[in-house]
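Q: The sequence shown begins at 1 in this note's numbering and counts up by one.
With a Cα cut of at most 25 Å, we get these calculated DMTMM-like pairs of lysine to aspartate or glutamate:
1. K24 x D34
2. K45 x D34
3. K81 x D95
4. K45 x E32
5. K67 x E78
6. K24 x E38
7. K24 x E14
8. K11 x E27
9. K112 x E101
10. K11 x E25
11. K67 x E56
12. K81 x E71
13. K81 x E70
14. K45 x E56
15. K67 x E53
16. K24 x E39
17. K11 x E21
18. K67 x E54
19. K45 x E58
20. K45 x E31
Hints are computed from structural coordinates only; laboratory data are not their basis.
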Amino acid sequence: MGGARGTRTPKMLEYERQAEERAKEQERMQEERDRMAEEQARLQKEQERIAQEEYEMEQYYESEALKHAEELRLHELEMRKHQERVRAHERRLQDHEASAEAFARVIAMPAKPGRDRQISFFAPKRTGTNGNGINGVNGDGPPTQFPGV
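Full structure from sequences and hints, please.
A: Take a look at the structure:
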């Protein structure tokens, strides 16, 4: 190999320069790889955070939907109970009205002739010992509270 031992030939200098360039290029490539790995790790972390938030949101909305469904079920139950109470009240009211109408018809019904007793809201008049009424009326006529009937 020509030349002195400590001397560098232009070819050797070129190889050293190329080697230094390759080393710098390797260093730049490694730095790029490191940056890309950091970016990849950051992206992965961000994706995991998003996935966790989505999971939590799904859990929240599912829980809210279940709560809403339960509230709706309870509301419908309350509505059915209320409607049953309203229907029962209306039945009692109709029964009462029917009873009141029947009672009013009974009260307004004229006395049948030949009845021994007539219903009166007034205290009965006391007569003599033979049971005859006043002025010869024997009690078969209309009650005194309905004169002229």
